[in-house]
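Participant: Using the hints provided, position chain B relative to the given structure of chain A.
Number of protein chains: 2
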Amino acid sequence: MGDVCEERSSVCVSGGRTRVLVVGGTGYVGKRIVRACLAEGHETYVLQRPEIGRHEIEKVQMLMSFKKLGAKLVEASFSDHRSLVSAVKLVDVVISAVSGVHFRSHSILLQLKLVDAIKEAGNVKRFLPSEYGMDPSRMGKALPPGRETFDEKMEVRRAIEAAGIPHTYVLGACLASYFAGSLSQLETLFPPKEKVTIYGDGNVKVVFVDEDDMARYIAKTVDDPRTVNKTVYVRPPDNVLTHMELVGIWEKLSGKELDKTHIHAHDFLSNMKHLDNKGQKAGIGFMFHLFYEGCLTNFHVGEDEEASSLYPDVKYTRMVDYLRMFL
Amino acid sequence: MGDVCEERSSVCVSGGRTRVLVVGGTGYVGKRIVRACLAEGHETYVLQRPEIGRHEIEKVQMLMSFKKLGAKLVEASFSDHRSLVSAVKLVDVVISAVSGVHFRSHSILLQLKLVDAIKEAGNVKRFLPSEYGMDPSRMGKALPPGRETFDEKMEVRRAIEAAGIPHTYVLGACLASYFAGSLSQLETLFPPKEKVTIYGDGNVKVVFVDEDDMARYIAKTVDDPRTVNKTVYVRPPDNVLTHMELVGIWEKLSGKELDKTHIHAHDFLSNMKHLDNKGQKAGIGFMFHLFYEGCLTNFHVGEDEEASSLYPDVKYTRMVDYLRMFL
Numbered sequence: 001m002g003d004v005c006e007e008r009s010s011v012c013v014s015g016g017r018t019r020v021l022v023v024g025g026t027g028y029v030g031k032r033i034v035r036a037c038l039a040e041g042h043e044t045y046v047l048q049r050p051e052i053g054r055h056e057i058e059k060v061q062m063l064m065s066f067k068k069l070g071a072k073l074v075e076a077s078f079s080d081h082r083s084l085v086s087a088v089k090l091v092d093v094v095i096s097a098v099s100g101v102h103f104r105s106h107s108i109l110l111q112l113k114l115v116d117a118i119k120e121a122g123n124v125k126r127f128l129p130s131e132y133g134m135d136p137s138r139m140g141k142a143l144p145p146g147r148e149t150f151d152e153k154m155e156v157r158r159a160i161e162a163a164g165i166p167h168t169y170v171l172g173a174c175l176a177s178y179f180a181g182s183l184s185q186l187e188t189l190f191p192p193k194e195k196v197t198i199y200g201d202g203n204v205k206v207v208f209v210d211e212d213d214m215a216r217y218i219a220k221t222v223d224d225p226r227t228v229n230k231t232v233y234v235r236p237p238d239n240v241l242t243h244m245e246l247v248g249i250w251e252k253l254s255g256k257e258l259d260k261t262h263i264h265a266h267d268f269l270s271n272m273k274h275l276d277n278k279g280q281k282a283g284i285g286f287m288f289h290l291f292y293e294g295c296l297t298n299f300h301v302g303e304d305e306e307a308s309s310l311y312p313d314v315k316y317t318r319m320v321d322y323l324r325m326f327l
Numbered sequence: 001m002g003d004v005c006e007e008r009s010s011v012c013v014s015g016g017r018t019r020v021l022v023v024g025g026t027g028y029v030g031k032r033i034v035r036a037c038l039a040e041g042h043e044t045y046v047l048q049r050p051e052i053g054r055h056e057i058e059k060v061q062m063l064m065s066f067k068k069l070g071a072k073l074v075e076a077s078f079s080d081h082r083s084l085v086s087a088v089k090l091v092d093v094v095i096s097a098v099s100g101v102h103f104r105s106h107s108i109l110l111q112l113k114l115v116d117a118i119k120e121a122g123n124v125k126r127f128l129p130s131e132y133g134m135d136p137s138r139m140g141k142a143l144p145p146g147r148e149t150f151d152e153k154m155e156v157r158r159a160i161e162a163a164g165i166p167h168t169y170v171l172g173a174c175l176a177s178y179f180a181g182s183l184s185q186l187e188t189l190f191p192p193k194e195k196v197t198i199y200g201d202g203n204v205k206v207v208f209v210d211e212d213d214m215a216r217y218i219a220k221t222v223d224d225p226r227t228v229n230k231t232v233y234v235r236p237p238d239n240v241l242t243h244m245e246l247v248g249i250w251e252k253l254s255g256k257e258l259d260k261t262h263i264h265a266h267d268f269l270s271n272m273k274h275l276d277n278k279g280q281k282a283g284i285g286f287m288f289h290l291f292y293e294g295c296l297t298n299f300h301v302g303e304d305e306e307a308s309s310l311y312p313d314v315k316y317t318r319m320v321d322y323l324r325m326f327l
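If you read the sequences in order, they're chains A and B. For what it's worth, this note's numbering labels the leading residue of the first sequence as 1, then goes sequentially. For what it's worth, this note's numbering labels the leading residue of the second sequence as 1, then goes sequentially.
The list treats identical chains as interchangeable, and a pair is accepted whether it falls inside one copy or across any two copies.
With a cut-off of at most 30 Å between alpha-carbon atoms, the simulated DSS-like pairs for lysine-lysine come out as follows:
#1 Lys252 to Lys68
#2 Lys195 to Lys59
#3 Lys59 to Lys281
#4 Lys256 to Lys72
#5 Lys89 to Lys256
#6 Lys278 to Lys59
#7 Lys281 to Lys141
#8 Lys195 to Lys256
#9 Lys113 to Lys89
#10 Lys67 to Lys315
#11 Lys72 to Lys315
#12 Lys315 to Lys68
#13 Lys252 to Lys195
#14 Lys260 to Lys67
#15 Lys59 to Lys72
#16 Lys89 to Lys72
#17 Lys193 to Lys68
Just so you know, these hints were derived from the structure itself, not from any lab.
So that you can see chain A by itself, here it is in the shape it has in the complex (with noise of 0.2 Å):
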């Protein structure tokens, strides 16, 4: 590891492992995360925070697991300052993956404690936040109530930016198992037997990556010096793909053409009026964003860094070989 270390000496501690620390450990993403920093060596430590272990038998079964594997569980709280300070002090990357999604919990703001230890610990080589989705700094003018997401993101990062503290944004894809495997339809999350909503003519790119992938990337970017204060695209070449031919991979892998109704983004959009939910009123939006304006994809990386190409040797996950699973 010594010469990895001296590459990237910006992060790496003496022995050539850079110590992370995980915040939102047991989440959907943030599990992923903490397999990912294992599996690329990071020293990896995992927040424990007191309110798992009251009643999440499988949060607290899954931080036991990561335990077994390697990681370091660091016990805080953000309702207790010190706590956090203690913890963020241990390593030398801090990354975030509260959630921030209306159908688990909105909890981006919470990040603002973290800033504040990561301010005031002074140890802290570099610091991803929770984005992993839509760029926030392009979506200034999101439909509400999902803007509310990309506003507090940009709140976060705003923070982040005054206190000066390094960082990197890893961003720009649509998680595969609520994107692909549905075919991006509402309502389910296996691919459909019979019919399928295309959205508008289906021939906007859109960008979908295996969640193991992104967690990977992630991995990779926190001591690279390549990254540093730079937003990572999650846009891998071959997974950049419009809803017409993702739902066409699905058709010649399942032999079976699907009956097809095209929405105009005028009814789409409608569909949100009838609903109370919020979690629901923001999927319409995002869904809008996604597949009818093309959000992820109708702009060039360029001064920013693109994951696939920073990492050829991740072998990343191709859509034909993710939706094999549901045959």
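Facilitator: Relative to chain A, chain B alone:
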């Protein structure tokens, strides 16, 4: 497998592999049963309810992981009798692990629909209803509201027996993740650090079992002619411990003596009065039956069977080893 098949001819099919359907296979105990059945070499089917496909991404991914391990998914719904009949027609054995705890969901009586389907299908050689805890046939005088669980389990048993369905009831131990990791304290799932409440004198014998061992015993019993129409008590001798013994094991492991407060039965039960939550009230009652009355150990197994004697090849986890992961 040929000789095993002959020996266990009541269940074996041609080829020697027992075909097992797990209902509730994505649940807390069910997921372990699925894995144990696969490890045991059974041809394992997992019921896939349509509800799972709508929102429960973790359960969808769990089903996919089972498929990767070799299980077959069978779509069926409790609200579609024909689908249940078709599902149970595929197998020799049905194992139910539907939830029967109030703080998850209390679905014990749903199993009456499963009994109807098994009765109609006519091919099932063994049914294991969801039991796994205290023996409902011995809990006729249990405290409300928890007693509902026992009453409903008995209702399911009566339906099974009236339909003449060969069955096995596997039960009789406290699941370690809830009862051992917490040193049987309420409101925590981790060993307490300073203080511990001891129930009464702490000298009543209780039985603890690692959930994975429970699942292994279940997977072994399904095609064992010795267990037809019997109760299999899970009472591994080294895991029959008093509360004081359990606490002592942890104190020795951690090298720290805990501050002990003994609580009298009367005072313990008075906790119930202050609670509104049904699940919590039920929990207090269960703890009373377990730790004051000794409901798991105040009788002999008699004509029934004991799991660790039936399957001495299972090297069950001792609580000293279970607790070690919390160090």
